[in-house]
Amino acid sequence: MSTLTAERPATAVPAADPPHRLRRAGGLLLTAVTRSVAIAALLALWEVAPRLGLADRTFLPPFSEVAREWWTMLAGGELTEHVEASLIRSGAGFGLAVLVAVPLGLLIGWYRPVADLLGPLLELFRNTAALALLPVFVLLLGIGETSKISIVLYACTWPILLNTISAVRTVDPTLLKLARSMGLPAPQVFRKVILPSAVPTVFTGIRLAGATAILVLVAAEMIGAKAGLGYLITSSQYNFAIHRMYAGILTISLLGVLLNQLLVALERRFTRWRTPAGKDRA
Amino acid sequence: MTAKIHFESVGKTFPVRKTRGSGSAGKVVALQGVDLEIPAGEFAVVVGPSGCGKSTLLDLLAGLSTPTTGRVLLDGAPVTGPGPDRGIVFQQYALLPWRTARGNVEFGLEATGIPRRERAERAREFLALVGLSGFEDRHPHELSGGMRQRVAIARSLAYDPDVLLMDEPFAALDAQTRESLQDELLRIWRRTGKTVVFITHSIEEAVFLGGRVAVLTSRPGRLKAVVPIDLGARHDGGDVRSSPEFAAHRHRIWDLLHEEVTRAQRLERQGAPV
Numbered sequence: 001m002s003t004l005t006a007e008r009p010a011t012a013v014p015a016a017d018p019p020h021r022l023r024r025a026g027g028l029l030l031t032a033v034t035r036s037v038a039i040a041a042l043l044a045l046w047e048v049a050p051r052l053g054l055a056d057r058t059f060l061p062p063f064s065e066v067a068r069e070w071w072t073m074l075a076g077g078e079l080t081e082h083v084e085a086s087l088i089r090s091g092a093g094f095g096l097a098v099l100v101a102v103p104l105g106l107l108i109g110w111y112r113p114v115a116d117l118l119g120p121l122l123e124l125f126r127n128t129a130a131l132a133l134l135p136v137f138v139l140l141l142g143i144g145e146t147s148k149i150s151i152v153l154y155a156c157t158w159p160i161l162l163n164t165i166s167a168v169r170t171v172d173p174t175l176l177k178l179a180r181s182m183g184l185p186a187p188q189v190f191r192k193v194i195l196p197s198a199v200p201t202v203f204t205g206i207r208l209a210g211a212t213a214i215l216v217l218v219a220a221e222m223i224g225a226k227a228g229l230g231y232l233i234t235s236s237q238y239n240f241a242i243h244r245m246y247a248g249i250l251t252i253s254l255l256g257v258l259l260n261q262l263l264v265a266l267e268r269r270f271t272r273w274r275t276p277a278g279k280d281r282a
Numbered sequence: 001m002t003a004k005i006h007f008e009s010v011g012k013t014f015p016v017r018k019t020r021g022s023g024s025a026g027k028v029v030a031l032q033g034v035d036l037e038i039p040a041g042e043f044a045v046v047v048g049p050s051g052c053g054k055s056t057l058l059d060l061l062a063g064l065s066t067p068t069t070g071r072v073l074l075d076g077a078p079v080t081g082p083g084p085d086r087g088i089v090f091q092q093y094a095l096l097p098w099r100t101a102r103g104n105v106e107f108g109l110e111a112t113g114i115p116r117r118e119r120a121e122r123a124r125e126f127l128a129l130v131g132l133s134g135f136e137d138r139h140p141h142e143l144s145g146g147m148r149q150r151v152a153i154a155r156s157l158a159y160d161p162d163v164l165l166m167d168e169p170f171a172a173l174d175a176q177t178r179e180s181l182q183d184e185l186l187r188i189w190r191r192t193g194k195t196v197v198f199i200t201h202s203i204e205e206a207v208f209l210g211g212r213v214a215v216l217t218s219r220p221g222r223l224k225a226v227v228p229i230d231l232g233a234r235h236d237g238g239d240v241r242s243s244p245e246f247a248a249h250r251h252r253i254w255d256l257l258h259e260e261v262t263r264a265q266r267l268e269r270q271g272a273p274v
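Protein chains in written order, with UniProt numbering: chain V, 1 to 282; chain Z, 1 to 274.
Just so you know, the hints here were simulated from the structure itself, not pulled from any lab data. Mixed in with the good hints, there may be bad ones.
[Claimed, not checked] In silico DSSO-like links for lysine-lysine, alpha-carbon gap of 30 angstroms or less:
#	chain 1	residue 1	chain 2	residue 2
1	Z	Lys27	Z	Lys224
2	Z	Lys4	Z	Lys224
3	Z	Lys27	V	Lys226
4	V	Lys192	Z	Lys27
5	V	Lys192	V	Lys177
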């Protein structure tokens, strides 16, 4: 009855026969090797350079020694304490930023005059490095938790806010026309068209903010704190506990990567409907 | 009997922003004095050179904009805004990419207040009508262009509008898919008895689909002629497109359009800054 012969679905179903699966496992292994080889090389260099005298062992101890120190700190519970302090601060700032910036961005994006009015101000704030304002935060809010959470909140707000605004403003005009042609009332247009189509761009903002949260917090902790990863690094440096310092740096890298992976996974979950890369919509 | 759709000396003027060279802020007359009656159940095609105001005509009928002069009547009453009695099919499909085929059809049903219980059933029924049974759970990016447009057609039909407005719906498709969708559209039209207003710039498409073809002039868009199309009894399987009647109609409309295209090009050359 229908004339589907000329058309095929854009995705083919992969066959699951055993040789195919085997080849896929091989492919996965290859990918894993490709993706870890550069990191392995870096760690090898880190291990070898101090041992060969290419770098001063006092200032750059071999990786294995740092790793051992890291493990001792982890087992002793000391590391957990610092990670916890940092995570609570950055989590609070980041969470508050999401709660504030997403609704605010939706509002600003939806009301065009508001967006035009606030645009230049937002641009100014966004382009002022958050860390440059750290002294101001300390002066106004003291050196306690409030100023640290506030600076994270401040720094995380901009990427989320600006992405949310542009997400709302760049909704496909044809979809809006469609909604209008069906006589859909504005609140429903917002809920059924604007909100879902904004999700991917909003999430990009949230992911950027995640990276910012860690970055800014560590810097803030370096200036005045009694716990946290930033504090761990600076205090270790002052006390010449170089192994501990590197252990702290290593922890920050791991934490950053983990957080990013988590946010990417979340992003993917919410935007699965997006056109896969390489497949252009006709 | 009154006409289903009646364009009563309809004109539409758009303000245009000041351009460099022209000096003053001007106005563009997109449509001028269009009089056209479309009876219920007709498949009417509007054809014209690009930029002649075809889409403007459709927007007026859809209630997305209001005419500067004249009136657009639907069942004898002026169109005051968009409504579920008219369904639009866009060239760019306008599917919600985060919804499945079924979800997209249901979107139209939600908008027009069909009770939840009925939606799934209706969606399945209309996806079957356009030949997409088994593809209900695919997202738009998993469907080909032709299949996406089928979903859009199913969506517009599912909430049962009296009039189906189609704005160059097949222009972005490859030739083969386009022809098969034209066949299907005629089949669906015969089955549902909807009044269809179909916009195109393709003469072949106009002759193949139209019961009558309205030819618009280039800017400002006026109604140049209304050509009734009679291709004799269409029996399925026959190649209507290569019949002598088809060729004659095609040539007739080509003649009408050809003058307009030349005129449009001349105007464009004159208007362009040197």
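Checked against the structure, which of the hints given earlier come out wrong? 3, 4
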